[in-house]
Amino acid sequence: MSRFFVLTLNGVTQGAIYAAMALALVMIWRATKVINFAQGAMAMFTTYLAVFAIEHGTPYWVGFLVALVSGLLLGAIVERVIVRPVESAPALNVVILTLGLLLFLEALAPMAFGGQIRSFPPAFSIVGLRLGTSQVPFSPFDLFTLGSVVAVMLLLLVLFQKTDLGLRMRASAFNPEVSRLLGIRVGRMLTLGWALASLVGALAGVLIAPSLLLYPTFMDDVLVFGFTGAVLGGLDSAVGAVVGGLLMGFALTYVGGYFGSDLETVGALVILIAVLMVRPSGLFSVQRVRQV
Amino acid sequence: MVAVQSRLDRLVRPTFGRHLLFALAAAVVLLLLSSQIGAYDDYNLTAVAIFAVAAAGLNLLTGLNGQLSLGHGALMAIGAYTASLLLKDHHQFPVIVVLLAAVLSTGVIGIGFGYAAARLRGPYLAGATLTLAVAIPQVATRYKSIFGGESGLTVAPSSPPDWLGADFPPERWLAWIAFAAAIVTMVLLANLLRGAPGRAFKAVRDNEAAAALAGINVARTQVLAFVVSAACAGLAGALLAYWTGVTAPAGFTLALSLQLITAIVIGGLGSLAGAVWGSLVLVFVPLLTSGMASRLSLPSSVADNLPLAIYGCILVIAMLVAPHGIQGALRRILAYGRARWGNTPGGGQKGVVDWDDPAPDT
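Chain order of the listed sequences is A and B. The first sequence: position 260 = 260 (this note's numbering), numbered continuously. The second sequence: position 113 = 1113 (this note's numbering), numbered continuously.
In case anyone wonders, no lab produced these hints; they're calculated from the structure. Certain hints may be false.
[Claimed, not checked] Label pairs and their computed distance ranges (CB to CB):
id	chain 1	residue 1	chain 2	residue 2	range
1	A	GLU87	B	ARG1338	26 to 32 Å
2	A	LEU143	B	ARG1295	51 to 57 Å
3	B	GLY1337	A	SER119	55 to 61 Å
4	B	SER1151	A	SER2	33 to 39 Å
[What the hints assert, rightly or not] One side of the interface only, derived from the structure: several residues of chain A facing chain B at Cβ under 8 Å:
id	residue
5	ALA89
6	LEU92
7	GLY115
8	VAL231
9	ILE273
10	GLY282
[Said to hold, decoys possible] Computed far set for chain A versus chain B, every beta-carbon distance over 10 Å:
id	residue
11	PRO122
12	ALA151
13	VAL186
14	PRO210
15	TYR254
16	TYR258
Cβ coordinates follow ideal geometry from the N, Cα and C atoms, glycine included.
When you get a sec, could you build the whole thing from the sequences and use the hints?
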């Protein structure tokens, strides 16, 4: 089994997680022009809720649902209670607000669920699949991870492109004022956008938790790499977020595999800077001509 | 009386003179304060001064030039490692040499980052600097033979000079160094901001096209802001190396960069005084909350995390009730007072408020 093949398989699974996180960030950015730095912490919290349910005897799938539904609710609550009042505040203030939320959630989780590091059960076996005689480093759970991320993305695509609700959400993000004049409840659409984004984040949390351990800051790196992926792809593009996230997955595993895991983040930095120097607004954004 | 008044005016009116007078007053107050309090408070005030230097630099970049950096912790790391490498084998370089070397090395590296940053805007710059914050400490982990790996480099402390007496507390000596560095930084920055560069920074922040039409080289202005800001971060990093006594990657996590951003927004964007307020909040609010938490008898999983939870809440609430930070709130109170009691605006009495431009009302 060539090293490259192994790393590529790892990269795809990791990339899918980063892509989900990047997509969550991009959805919120497009709807409200906010980078939600609490996205990772929110996903961490919903993953804790899932593990809480599983530890109290419910099957895995109930825990999985708990994570997704609580993600949906948490996103809606955060938008409605915390983000809405600062709608017109300077952009940096909202950044600090989400950072405050991040710190709060990371402190609340160990208070509510206990501070010990936990393991999170995977839905399927994490032993590599057998392909003929050789074992591929790609487990049923990896397949499930990839499949559920793809499924969620397709569902979102259908929602945004094919339904009335999706059209209204896009209109609200594109031009709130005109949308309001056309009778769209823009506020509700924004809340829904945050809720859906938070659901995607929660999915990333439950999917990566088995390979990382569960502790209050376990999503921090996923957030950073997801954000980097989103920036790489261009914050205005959902396709860009997915591609950027996958690129991050590949880049990190290749750099880690060939140059040592210490250099993973340095490699990510180099790639990001290199791409941004050529395309300052990411790979997939519509280039707007800047006057200066 | 009138003659005295006018002579005072002549001394105070020029910006540099006023800044010097204010710096002198600050120095006297801090000197008196540090000799009255114990070693522990000296230690904490040193932290305030260190954060104030870094936050002032970041506020120049983010608040006045509009470039959001989430990676200033990494620049502090560069300063700290420069200082630590100089002090590694108990070489007794004078403090001033170490600090200047850190300023220089971070400033030079800042030129490179500055050129990259000048091409990026808003969230893209945030993303790039965020990665910087995560990546730089990894370099130190990787090259163990130079940077000491995870365990880091030990920093030889700077001992007080002999003329202060044998039993002069080293904490107070370090506090004095940090105060001096902070005051010098503030005076230099205040002058920079009052002059043409400061106006160029703000012009570029407010409207790049208009600034370019007015003959300002936008890219060069942005690089200059980044370099000055990086130099401040480097100075703070070197002071931090003295303060902690050891320079390790774990000291320069993403949290440090985010703390600096927090400090300037809570304190007041675009104002040097805001950087000081923010640093006070950064150092003393966690102390207060952990003091409160330890007095209540709570289970350890709650007590250990309560300070952080309260801190997070304070950030959220502060942004909801005081969107322009502490300095913005103070300005509003002052303006209200003036309008209410009819004091004439202006004059040399405003002290620290006069250093700054009004909060950006974007």
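Hints, verified against the model:
no.	hint	in the structure
1	A:GLU87 - B:ARG1338: 26 to 32 Å	holds (31 Å)
2	A:LEU143 - B:ARG1295: 51 to 57 Å	holds (53 Å)
3	B:GLY1337 - A:SER119: 55 to 61 Å	holds (59 Å)
4	B:SER1151 - A:SER2: 33 to 39 Å	holds (37 Å)
5	ALA89	holds (5 Å)
6	LEU92	holds (6 Å)
7	GLY115	holds (5 Å)
8	VAL231	holds (3 Å)
9	ILE273	holds (6 Å)
10	GLY282	holds (7 Å)
11	PRO122	holds (26 Å)
12	ALA151	holds (27 Å)
13	VAL186	holds (21 Å)
14	PRO210	holds (23 Å)
15	TYR254	holds (16 Å)
16	TYR258	holds (14 Å)
When each numbered hint is compared with the structure, no violation occurs for any of them.
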